[in-house]
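Those protein sequences? They're chains L and F, same order as listed.
Read left to right, the first sequence gives residues 107 to 461 (the numbering used here).
Read left to right, the second sequence gives residues 107 to 461 (the numbering used here).
Keep in mind that the hints are not guaranteed to be accurate.
Identical copies go unnamed one by one, so any copy, or any two together, can satisfy a pair.
[Said to hold, decoys possible] Lysine to any residue pairs mimicking SDA-like chemistry, simulated, CA-CA at most 20 Å apart: (1) K276 / G210; (2) K276 / R220; (3) K276 / R133; (4) K276 / A386; (5) K276 / S181; (6) K276 / G395; (7) K276 / P218; (8) K276 / Q442; (9) K276 / S297.
I should point out that these hints are in silico values taken from the structure, not numbers from a laboratory.
None of the values given here were measured: they were computed from a predicted structure.
Number of protein chains: 2
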Amino acid sequence: MSTTEPTTTEPINDSLDGALLTAARGRRSDHLPVWFMRQAGRSLPEYRARRQGTVMLQACQDPDLVTELTMQPVSRHGVDAAILFSDIVVPLVVAGIDVDIVPGVGPVIEAPVRSLEDVRALPQLDPAGLDFLGTAVRRLVAELDSTPLIGFSGAPFTLAAYLIEGGPSKDHALTKAFMYGRPELWDELLSALAEYASVFLRVQAAAGASVLQLFDSWAGALPAAAYERYVLPYSRRVFASLDDLDVPRIHFGVGTGELLGLMAQAGAEIVGVDWRVPLAQAVSRIGPGHPVQGNLDPAILLADWDVIEAAVREVVGQGRDAPGHIFNLGHGVLPQTDPEVLTRVVDLVHSLPAR
Amino acid sequence: MSTTEPTTTEPINDSLDGALLTAARGRRSDHLPVWFMRQAGRSLPEYRARRQGTVMLQACQDPDLVTELTMQPVSRHGVDAAILFSDIVVPLVVAGIDVDIVPGVGPVIEAPVRSLEDVRALPQLDPAGLDFLGTAVRRLVAELDSTPLIGFSGAPFTLAAYLIEGGPSKDHALTKAFMYGRPELWDELLSALAEYASVFLRVQAAAGASVLQLFDSWAGALPAAAYERYVLPYSRRVFASLDDLDVPRIHFGVGTGELLGLMAQAGAEIVGVDWRVPLAQAVSRIGPGHPVQGNLDPAILLADWDVIEAAVREVVGQGRDAPGHIFNLGHGVLPQTDPEVLTRVVDLVHSLPAR
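Work out the full structure, taking the sequences as your base and the hints as a guide.
Structure (structure tokens):
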């Protein structure tokens, strides 16, 4: 017993410490790092138990709850990173915009932003309103020890889409009509939202987040030319505002196969890839020098283990050409996913050669 | 006057006659043919007026109404083809499955298909139940004169997605879980639905439809490997069943940028492209020998004319490398589109050199 004591007091995943940051810096470590988008969420019974009786947007602003919910999947699955428990629209909420998350629907904006007056009336995001966020991040960083915390924010385009549509949308027609039809007002709106995202991310970095992810959930709705003209400049502004921090940044959107090359120019080191693009293909579209994150189809986790295992191995194999690879799903964990399968995927990814 | 009489009795778009079929056969005519997905629909005041008080799925089975609604955009816009007024789920309805189209939601299936028993209980699609369809197509062909009629059906995967989810879905998780998790049952289901699509399309061709389009609306939700294994064989079966007809076929899905090369192998001559992929890129992914259809972002039609015109010219320019190009949107006309803009787009496309 006594001879093994010193090693057993080490963290259980000691050999993995730093795997995520190593990959994020574009280098290969012995183990491939892995985390899951929406790992803190409805797939976990402990999450559902803890969330009972709470309202989503209040939960996101409660440092105790944020800390606990963020920690749950780290303790359970042994993932290589925690992701702050939050929601894309929290920067809007904190700015004072009336948002409600309606179960089964998604975020609903009380007064959609569609006119010059609406845009001009948008409040500034006061960092003073973000105390809860700094507190949660500081607690998490202390509790996580060497496991990195990923902070995140919704990207300007995705925030704009929620504001303009007033809620989730299938075709984003109102957003695109605004964008194509009123480019000057669009510039004002996206500039304001770039500032929101920047403030929201800086607070997290200042409190100790090791990595920052900018989620542009709906960017994939756009043709590449429109993305380049109407979206990229504002995402670029967000990343540029973080350049001084020396914190690796991830840029991700869904259905962005045609946009990967442009997204790689926004300023983030790491580009996240959804499950539609074979990862090797994505690596070539993204271009040299960028680590990638992704990209297992979340729905594959609902299949039998042999199907899952083959798919995980395929993704790991395809990621080998990138300078660094952070294994993840191509979008969030589906609520009906068996959490034991997630743990098994973590173990499998850790068991595979990372180089 | 008398000298011009013989020519003025010709159809007004005489010079365009055959443009669609020429492009569909992979050749270039003087004018680029153009039609719009969902051209018979809510963008037209005459459509809204005529549909008032009718239920969608009943309207789709009423030959008088189908004829009238199909003709409306042809008369108004001077497009180069009519598309049968119908709905993706009509083959299910005609087979006797209880489907309701709920306004603002979409098709809702009373009893979703999720078990072995459900799949085995699926009725066959009896061509005898399709009299309304043959009648409508025959009337249309007579009325349309030289303008071709495009018949259509939902593809097996998309029909399966509706049946399994019980309605529209954001992530198609149940469908994918079924597909990845129960491949043998999936084969039974997709085989039955391939038969539905085949019967539905053959009836239209027999009644005189000049072109057939297989819509796989949701195929873009799948990674390419899954599409190839679980979807392509059944779409291929549908097209193979039409091989004897000498009717050009179009295959289209939304968000299928990564699938274009595979979709081109399904057996259709023409591959439709959504707006996310630059058309020249799509042409190269589809490979040689296939005319293409597409791919203006439908939301661009909500912008100012100069934005629209530039985008139309861009699409036309990018399509020049394909052996044939049928100009279309990358998805259906949005309901809020100004119909006069659609007419103006038709005129613009017709004014541009097609080769």
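Verification of the supplied hints:
Taking CA atoms no more than 20 Å apart as the test, K276 paired with G210 passes in both settings, with 15 Å inside one copy and 11 Å between copies. Taking CA atoms no more than 20 Å apart as the test, K276 paired with R220 passes inside one copy only; the shortest distance there is 18 Å, against 25 Å between copies. Taking CA atoms no more than 20 Å apart as the test, K276 paired with R133 passes in neither setting, with 38 Å inside one copy and 36 Å between copies. When the C-alpha separation of K276 and A386 is checked against a cutoff of 20 Å, the pair qualifies neither within a copy, at 29 Å, nor between copies, at 26 Å.
Within a single copy, K276 and S181 get their C-alpha atoms no closer than 36 Å, and across copies no closer than 30 Å, so neither meets the 20 Å cut-off. In this assembly of identical chains, K276 and G395 lie within 20 Å of each other by CA distance neither inside one copy nor across copies; the values are 34 Å within and 33 Å between. With identical chains, the CA atoms of K276 and P218 are at most 20 Å apart within one copy only, with a shortest distance of 16 Å there and 22 Å across copies. For a Cα distance limit of 20 Å, the shortest separation of K276 from Q442 across copies, 14 Å, qualifies, whereas the shortest one inside one copy, 23 Å, does not.
For the identical chains of this complex, K276 and S297 are neighbours neither inside a copy (25 Å) nor across copies (29 Å), given an alpha-carbon limit of 20 Å.
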